[in-house]
Every structure is written in C-alpha cells, then in structure tokens.
Amino acid sequence: GDSVTQTEGPVTVSESESLIINCTYSATSIAYPNLFWYVRYPGEGLQLLLKVITAGQKGSSRGFEATYNKETTSFHLQKASVQESDSAVYYCALGEGNTGKLIFGLGTTLQVQP
Amino acid sequence: AQTIHQWPVAEIKAVGSPLSLGCTIKGKSSPNLYWYWQATGGTLQQLFYSITVGQVESVVQLNLSASRPKDDQFILSTEKLLLSHSGFYLCAWSPGENTLYFGAGTRLSVL
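Protein chains in written order, with this note's numbering: chain A, 48 to 161; chain B, 29 to 139.
Think of the hints as simulated: they come from the structure by calculation, not from any bench.
Hints are all accurate, no fakes.
Only pairs whose alpha carbons sit at most 25 angstroms apart, straight line, appear in this in silico DMTMM-like list of lysine to aspartate or glutamate:
(1) A/K117 to B/E125
(2) A/K105 to A/E143
(3) A/K105 to B/E125
(4) A/K148 to A/E112
(5) A/K148 to B/E125
(6) B/K56 to B/E85
(7) B/K108 to B/E39
(8) B/K54 to A/E91
(9) A/K98 to B/E125
If you want a taste of the chain A side facing chain B, the calculated C-beta under 7 angstroms gives, among others:
(10) N81
(11) G92
(12) L93
(13) K98
(14) G142
(15) G147
(16) K148
(17) F151
(18) L153
Label pairs and their calculated CB-CB ranges:
(19) B/V37 to A/G110: 26 to 36 angstroms
(20) B/S137 to A/L95: 19 to 29 angstroms
(21) B/T127 to A/E112: 15 to 25 angstroms
(22) A/T146 to B/Q30: 15 to 25 angstroms
Backbone N, C-alpha and C define an ideal beta-carbon position, used for all residues, glycine too.
Take the sequences, apply the hints, and build the full model.
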C-alpha cells in the first residue's frame, strides 16, 4: 500500500536558523498523488499548510516551501529562518484519488528555541 | 466561511461503555465528510467517509460505526468501547477533492 515516511522528531532548532523536515512517499495505487503538509499548533486543530498537485511544482505558505519531486519521491518541507511561533507538529501526507483518503506520516514535532 | 465543530473535546470512558462523537459543518452544503483516528504514537488513518446523507463507507474495521443523519452532521459511535479505541478522533470535510479541512478533534481515553 501507499506510505509516507518523514523525519523523526522532535526536531529542535534555534530561532532564525534554517529548517528542513524530510518527507518521502511510496505511491503504488496512484501514479501522481497530491502531496500535502499539514500542521498542528499547540492547542489547535490540524490545518493545511500547503499542497502541491503537480510533479515538479513548488508550494509555499507562511515562509515554508516544499517541492514535489517525483524522481526522488520526496516532498521535503523547508524554511530559511524559523520563528518561535513555528513550533508545532508537522505532517506530510499524500492523497489517494478523490476519496478524501490521505495517507499521513507519523508527524514531526518541531521545537524552536528563542 | 465554513466552520467545523466537533464534540466533545475530550472523553474518558470505561471499557464496554457506549460512545458517540459528533461533528457539524456550517457554511457548506453537501460536503464530503470523513472520520480520521490517531492512536497514541501512531499515524492518522481514515475510518469512514460520506459523500451524501445516509451513505457512509467504512475504510478500516475497528468495531466502530458512523452515520450521517443530516447533510451537515457526521456521527461516530460504538456500543462497546475497547481499550484499543483510545486516541484522537478528527472529523474533516472536503469540497469534493482530496484537500481536507479538519476539526479540532476529540481526545478519547478508554480505561
């Protein structure tokens, strides 16, 4: 079946440092899955951070970027300079067709130190 | 704007007791609705989905059931809880493609 593997956390970085959270996927049921990053801030629900549906394209939101790389089956999340408010749990996910079924990674807890 | 409300926020229940979790979506007619579940230390997985009132598809068999009694309401339930039902339950909606918008979730502890 389809699967998503992402950086194990917790990941701790200092404010203004750069960040990369790795995400690789295996999609056997669909050739070009949609790829997502979701985020859960402390005390809040799971919310969409960014989405890319076309291989080779880059998505961006709130200073975060991720590029859909079909050759390496990767969708790494990057930010050039993190802030303390970025502390959260980040989930990489792939979408299987149009059934609303998302395959999630285990989540990566990011702690940004002031 | 669409809003999604889940209730209760948290539950502590005994093994063998019944359970009912609810979800309401406002501001969107005929949404696709979903239940997801995350066991402690596990990943989020889809349990059920519904594309219309009265129709629910089961994705994972966990001795749970779901119903959609109204266009804007999705209910998750069981008559007898198991320890393995503990975890975090999320309701979500989509406008018809696979971008999902989640509620705040219900944390369930079965003792």
